[in-house]
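Going down the list, the protein sequences come from chains A and B.
Residue numbers for the first sequence follow our numbering, beginning at 4 and rising by one.
Residue numbers for the second sequence follow our numbering, beginning at 4 and rising by one.
Heads up, some of the hints might be wrong.
Claimed, not checked - From chain A, some residues computed to sit far from chain B (all C-beta separations above 12 Å): (1) Y36; (2) R38; (3) Y42; (4) A53; (5) D73; (6) P129; (7) E132; (8) D174; (9) D187.
Unchecked claim - Under 8 Å between C-beta atoms, here's a sample of chain A residues computed to sit facing chain B: (10) T98; (11) A153; (12) R181; (13) T182.
Just so you know, these hints were derived from the structure itself, not from any lab.
Each residue gets a CB set at the ideal place from its N, CA and C atoms; glycine is no exception.
Listed below, chain by chain, are the residues.
There are 2 protein chains.
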Amino acid sequence: MGQTSPTARTGPEAAFLPTARTTVRRHRERGRYDRELVYAILDEGFICHAACQVDGTVWMIPTAYARDGDRLLLHGAAANHVLKAAAAGAELTVTVTLIDGLVLARSTFHHSINYRSVVVFGPATPIEEAGEKADAMVRLVDHILPGRTADARGPNAAELASTRVVWLPLDEVSAKVRTGGPIDDDDDMDLPVWAGVLPLRPVAGPPQPDGAGAAGVAMPTYLSQPGRWKDGW
Amino acid sequence: MGQTSPTARTGPEAAFLPTARTTVRRHRERGRYDRELVYAILDEGFICHAACQVDGTVWMIPTAYARDGDRLLLHGAAANHVLKAAAAGAELTVTVTLIDGLVLARSTFHHSINYRSVVVFGPATPIEEAGEKADAMVRLVDHILPGRTADARGPNAAELASTRVVWLPLDEVSAKVRTGGPIDDDDDMDLPVWAGVLPLRPVAGPPQPDGAGAAGVAMPTYLSQPGRWKDGW
Chain A
4 MGQTSPTART GPEAAFLPTA RTTVRRHRER GRYDRELVYA ILDEGFICHA
54 ACQVDGTVWM IPTAYARDGD RLLLHGAAAN HVLKAAAAGA ELTVTVTLID
104 GLVLARSTFH HSINYRSVVV FGPATPIEEA GEKADAMVRL VDHILPGRTA
154 DARGPNAAEL ASTRVVWLPL DEVSAKVRTG GPIDDDDDMD LPVWAGVLPL
204 RPVAGPPQPD GAGAAGVAMP TYLSQPGRWK DGW
Chain B
4 MGQTSPTART GPEAAFLPTA RTTVRRHRER GRYDRELVYA ILDEGFICHA
54 ACQVDGTVWM IPTAYARDGD RLLLHGAAAN HVLKAAAAGA ELTVTVTLID
104 GLVLARSTFH HSINYRSVVV FGPATPIEEA GEKADAMVRL VDHILPGRTA
154 DARGPNAAEL ASTRVVWLPL DEVSAKVRTG GPIDDDDDMD LPVWAGVLPL
204 RPVAGPPQPD GAGAAGVAMP TYLSQPGRWK DGW
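Taking the hints into account, I'd like the entire structure generated from these sequences.
This is the structure:
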């Protein structure tokens, strides 16, 4: 495919080497290759879109993920089409996108969106060993809600068998980031148009207990106190 | 590719006919084909992930979209790789995903996510005519923030020329929806584990004016009053 190969790095602080596929071309100034930034984006998000090509069709699924060091863990049902193809050797393209705000310019054309996105290209490797798979499931759940797996019953053998977990190396990776206010044309600056940013972020509402099961179970602190999911601005 | 062709429908109430590609197989009960539901999901979201295959690589971008009747409008810079390939004939796979909450079960295995997603497969058609393209840009901006284009300066000829707009037919489409609380194993129901749903949604923070330009421009009502972007739970 002609892309250059990402070169080995020496430490977690090292930057990703852009390949022909991860070099940001459009809005070059938005391209980022530093590992710390990429990992911060991956650690803030929890849903990716993973795609691969099978028999001429591009299949794409939204799915949960977690970062495990320099690996990206994805999981899903064993029957899941994309993960199955990935486990069988299809290359994955994985994108994580965080939407930070609407950029409202004085002209329709300069409207934009503040976002942070990461794209990862790579082969996926299935995790088959039960202990390693259980660790990955714990990591996935705790990534989304830290502390949760200390409460919940861990996976048993049958549950592990029906779950597919794959990992991608975080090698061929880049980020794209837009921040800040609108960039208007000079000629538009005197227009009487409100311009700025409407910040957006995912916010949690009040936890909704299912009202079933054991009586008197207290709401855990990771739900009752502001944490990963803030309860307002 | 072997998929059956979606059949013409007679009105907006007609369901999508599932093809081999849009038939939901895993968690069949989550598959939805009614047009009203699909359109409601598309109208609530505004960022999609669009992917296509070029020279063996699956390229994917997050990008803004809007629905225009039975068409999905996507736009981006003329140089954008995915939209360029689409305009040149590559089939697109487009996914819109809304995350509604974390489903916290009594076992790690039964943790899930409440979501509503739509996938669209289809050829893209470029919109070239200036007036039609301007209409599409207005629709895209007003979809994200209703009322906005009544304020902002509309696109001029040069701006239209540097914007690529394509549309996909909403024909080969399906949705997948998970709602409700956790579904635990009977044996787990007496575990002293809090179980339920942590609802999530994108929420707007206080609008941030850029502080430049004309003085005394009031904040428009579509920003000062709760609307498409609610300001809390």
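Results for each hint:
no.	hint	result
1	Y36	18 Å, holds
2	R38	21 Å, holds
3	Y42	19 Å, holds
4	A53	9 Å, violated
5	D73	21 Å, holds
6	P129	17 Å, holds
7	E132	17 Å, holds
8	D174	15 Å, holds
9	D187	7 Å, violated
10	T98	5 Å, holds
11	A153	10 Å, violated
12	R181	11 Å, violated
13	T182	12 Å, violated
In the structure shown, a violation is registered for the earlier hints numbered 4, 9, 11, 12 and 13, in ascending order.
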